[in-house]
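Visitor: Mind docking these for me? Both chains are given alone in their own frames, and the hints should help you get the complex.
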Amino acid sequence: MIELDVRDMPAPEPMQAALTELFKLEEGEIIHFHHIMVPQMLLPRLNNHFFEIKEDGDDVHLYICHKEDAASIETIKGLVG
Amino acid sequence: MIGGGLSLDQSPPFFSSGRFFLSAPIFIILAGLVLVFKDVSLVRSDPHIVTLIHLFTLGVFTMIMFGAIQQMLPVLAGVKLPQANLVSKLSHIFLFIGTLLFAYGFLNAMIPVVMISAAVFLFLSFFLVLGGSIYAMTQVQKFSPTVKAMSLAIVFGLITAMLGSWMLQNYVGEYNDIHSSIMFIHMVLGIFGFAGILIIGVAFKIIPMFYVTPGFKSFCKSWVAYLIVVGIILWAIFTIFFPSLQWIAILVLTTFFTAFSTTVILKLNKRRRPIADITVWFWRVAGVSLFVGMFVTMANGWVEADLDVFVAVLIGGGFLLSILTGMLYKIVPFLVWFHLNAKGHFNIPTMREMLDKRMSYVQFGLHLFALISLMIAVFYPIFIKIAGVSFVFSGVLIMLNLLKAVRVYMKMKDVEVPDMMAGFTMPEVAKEA
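Residue numbers (the numbering used here), protein chains in the order written: chain D, 1 to 81; chain Y, 1 to 433.
What the hints contain is simulated information worked out from the structure, not anything from laboratory work.
For each residue, glycine too, the CB sits at the ideal point set by N, CA and C.
One or more of the hints may lead you astray.
When the alpha-carbon atoms are kept at most 27 Å apart in a straight line, the in silico BS3-like pairs for lysine-lysine are as follows [claimed, not checked]:
1. Y:Lys221 with D:Lys54
2. Y:Lys267 with Y:Lys357
3. D:Lys54 with Y:Lys217
4. Y:Lys357 with Y:Lys270
5. Y:Lys148 with D:Lys54
6. Y:Lys267 with Y:Lys148
7. Y:Lys217 with Y:Lys270
8. Y:Lys221 with Y:Lys142
9. D:Lys67 with D:Lys77
10. Y:Lys404 with Y:Lys89
11. Y:Lys267 with Y:Lys142
12. D:Lys54 with Y:Lys357
13. Y:Lys411 with Y:Lys89
14. Y:Lys142 with D:Lys77
15. D:Lys54 with D:Lys24
16. Y:Lys267 with D:Lys24
17. D:Lys67 with Y:Lys142
With the C-beta cut set under 7 Å, the calculated list includes, among others, these residues of chain Y facing chain D [stated by the list, open to error]:
18. Val75
19. Met209
20. Phe210
21. Arg272
22. Trp337
In isolation and in its complexed conformation, chain Y is listed as follows (with noise of 0.2 Å):
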């Protein structure tokens, strides 16, 4: 039971989280550009794609991420983060700032100077949000599997931040027999802990909540995030100590995400209310690509090809890439919608009528041929460049469909509201400039 002496002003203003997510396709841009403009090949050592990897992770994964945390800390978790306000400007600033610079460090032979600050500013980013994150759980009266899922994410992306801020600095100064295991664990702990857990802890309360499915079953939502941690912690002790077990630990994080993709599909399909959404199809892709992904994980060790490039295309694109840029979809026309009703409008158009349907199918088929193309590429490689090509204009599509949205708010925003709806106003969001 929780009375009426619940904290009553949580929300955040709207461009705390609404310039993270506005900034994720500016990235996606950038990451088609390396893919037009530089010399690309596929593998792993190639700066070219370590700074590929990181203009999504950082610049696209993470930014949307610490939109969502901002936001979704005060609708699911009741608390957030203590100066909200200037924590979002200041961690968005160094996340942009950081991201560019990591870029531009790998692609022009690491200059030490610009490595070590991309290293500051990104761990100061991720310090800011996470570290502000955690300390916004103190607050949190109950800890629902949502909230658990989003604490131990928050701790998986503070310990990635940490091994990757090492790691620019290692760069810079002698190259350490570590690296290559502390490289392995960084995104292991980021792609899985991080960005996998906060999904699924997320995942319980929006699937339900955007798409009226039946909600997740209680051992799915009390016990797969703990047991995804357990994967991913055996995972880092046999990397660094027993290498030939590794398999164990991959099989353990097969078994539990492939049991929630199926999960997230099948829930889909038992929608109550069954109509058209392209969020939806970037769930399925999602779900689909999760579970393909995750064996073709499994069968990388066992088998002589490496499948390095199909791991990276199938989970980092078509699980991460299309959940998030799915969410962007709902949640950027969901805050328009709040912000306008919470300064009391309630003639606002719908979040249907707020995106152009038309531009987000093509932008969906683009963000589709831009991931096939990449797994061609691993045989016929001019198709990194057509790659490349789809995803800019892929970017640039979800910017424009964004832009759409956030013009419906700027538009209604300072337009006076009727007397009578005043004592319905959320008094911090109506007095938002």
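Just chain D, same shape as in the assembly (with noise of 0.2 Å):
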């Protein structure tokens, strides 16, 4: 699991930092991203992969990985219940 907590980062760099990790994921990998709102502008760069959103009070947990990952799509659905 790659841990990007972006909360105490000011716009723009969650996204930049997202961006950052989703080049660099590979197979298997699963991104945590914690941020303090839903990353709308974010979610239309995620056309090739799988993601799912949590909400827990004023924190938001992103989820992503590979759309053909498998495995990974199976832990991130465990992971948001």
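Guide: The following block contains the structure:
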């Protein structure tokens, strides 16, 4: 799991950080993007990925993996319940 | 939980909101020119003052808020206006022309055809953006406090526009007794209901997002907008039926707006990355102006002296103009960065690099000087002209600085990006002209 806590980053650094990690993301890896809001502007960039969002009060957890990565998709589904 | 089926092409093109942001400084300049070249006296009934107020409220505040609504709906609510590009173009041109006609009409003895045309253009503009926003809101999956506040503000904006249009045609026809009560309600709804609630709602998100502050408390986010609505409705009812009780409504609004302004100042003092940023100073000035302005509003009903000018300058200029100017310095560079990044560019100047820091500090000084001059002008009318000159230069500097950021976008937008970035572009943005 690649932990990416961007809660202390001003816009647009969270998006920049997420895209940098997405660029390096490999099969079998999951990005856990932890933010203070649903990153609506990032979502359109995830066309080639699978993602799920879980909201917990003011915290938002976005889990991302490759679209074809069945094992990671199962893990993410388990994480968000 | 939100699954992968969420609508993915949400972002409007750069100039959908950009055209609104870039037009606002033009009206600051025009307002300054009215102060310099017209014989303005600081009383509410002076047509020059009515012109001046609306060059700011329509040409600057509404212009920026319409741009912000179109940009924020996708970011904060996950929805966008139907026919977003067309609505943006039409509403912008209608607002621009409507505001110019309004100013021309009031500066020229209210020529009937001009006033009616202004009413039609302005109402159409409000209807397109706010009516479209209401439609878009029906698609929202989750109503966060920010989205709830935006919805309330949009409803108040539409009512403000309807009352304003009615008053414009009323100026042409027979002047009605109820006109002054309607004017007062129009003013309260526009300033506190439309602009005030919209700014508060958006602040819940953008202050933590841009300034890395602690989030707003749940109570604040859940209730402040509703309590302000109660204050506004009370104010409207008391104004028409029980004028002697107006102070109760003002007290309610004062309580919650001052609580908000204090909270904003405290949050900004708790930034986790306290780097120098002119927009923080705009927010601070806005917080202090709102705080003082609300108390002056209360005092206005109790003292013999007429404090209208101080109320208008503190709340209209110190609060609204400060916040909205500060937001221009954040939103425009952010949009440039975002749209270039969405096209696949990674080597983009930072938001700070896109603007001239010194120019923004000089503009901030001119902005403050203009507002202080207007208040001094109550005692020394020559300061009206000085305020006007300050507004003109202030507007020119904002425009030049924003154009500096836009030049970055124009220079880079058509530059080829490496093939390896293709998978990370946004289809909608990548094909923008």
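Visitor: Work down the list of hints and note, for each, if the structure agrees.
Guide: Each hint tested on the structure:
Between Lys221 (chain Y) and Lys54 (chain D), the direct Cα distance comes to roughly 20 Å. Compliance with the 27 Å bound is thereby established for this hinted pair. For the suggested pair Lys267 (chain Y) and Lys357 (chain Y), the alpha carbons sit about 23 Å apart, so the restraint of at most 27 Å is met. A C-alpha spacing of about 21 Å is found between Lys54 (chain D) and Lys217 (chain Y), which places the hinted pair at or below 27 Å, so the restraint holds. A C-alpha spacing of about 23 Å is found between Lys357 (chain Y) and Lys270 (chain Y), which places the hinted pair at or below 27 Å, so the restraint holds.
Taking the CA atoms of Lys148 (chain Y) and Lys54 (chain D), the gap is near 21 Å; set against the 27 Å cutoff, the hint holds. Between Lys267 (chain Y) and Lys148 (chain Y), the direct Cα distance comes to roughly 22 Å. Compliance with the 27 Å bound is thereby established for this hinted pair. Between Lys217 (chain Y) and Lys270 (chain Y) the CA atoms are separated by roughly 14 Å; this keeps the pair inside 27 Å, and the hint holds. With a CA separation close to 15 Å, the supplied pair Lys221 (chain Y) and Lys142 (chain Y) stays within the 27 Å bound.
As the CA atoms of Lys67 (chain D) and Lys77 (chain D) are separated by approximately 13 Å, the hinted pair is consistent with the 27 Å bound. Between Lys404 (chain Y) and Lys89 (chain Y) the CA atoms are separated by roughly 23 Å; this keeps the pair inside 27 Å, and the hint holds. Between Lys267 (chain Y) and Lys142 (chain Y), the direct Cα distance comes to roughly 26 Å. Compliance with the 27 Å bound is thereby established for this hinted pair. Distance hint between Lys54 (chain D) and Lys357 (chain Y) is unfulfilled; the C-alpha atoms sit about 39 Å from each other, more than 27 Å.
A threshold of 27 Å between alpha carbons decides the hint, and for Lys411 (chain Y) with Lys89 (chain Y) the separation of about 23 Å falls inside it, so the pair holds. The suggested pairing of Lys142 (chain Y) with Lys77 (chain D) holds, with an alpha-carbon distance near 21 Å, which does not exceed 27 Å. Only pairs whose Cα atoms come within 27 Å are accepted, and Lys54 (chain D) paired with Lys24 (chain D) is accepted, the gap being roughly 23 Å. For the given pair, Lys267 (chain Y) sits about 36 Å from Lys24 (chain D) by alpha-carbon distance, which is inconsistent with the 27 Å threshold.
Proximity of Lys67 (chain D) to Lys142 (chain Y) is assessed by CA-CA distance (about 26 Å); at most 27 Å being required, the pair is judged to hold. Annotation: Val75 (chain Y) was flagged as interfacial toward chain D, and the flag holds, the nearest CB pair being 5 Å apart, inside 7 Å. Annotation: interface hint on Met209 (chain Y) holds; nearest CB of chain D at approximately 5 Å, less than 7 Å. Below 7 Å, beta-carbon pairs count as interface contacts, and Phe210 (chain Y) has one with chain D at about 5 Å; its hint therefore holds.
This hint holds: Arg272 (chain Y) has a C-beta 5 Å from the nearest C-beta of chain D, less than the 7 Å allowed. Because the smallest distance between the Cβ of Trp337 (chain Y) and any Cβ of chain D comes to about 5 Å, under 7 Å, the interface hint for this residue holds.
In this structure, the hints that do not hold are numbers 12, 16, in rising order.
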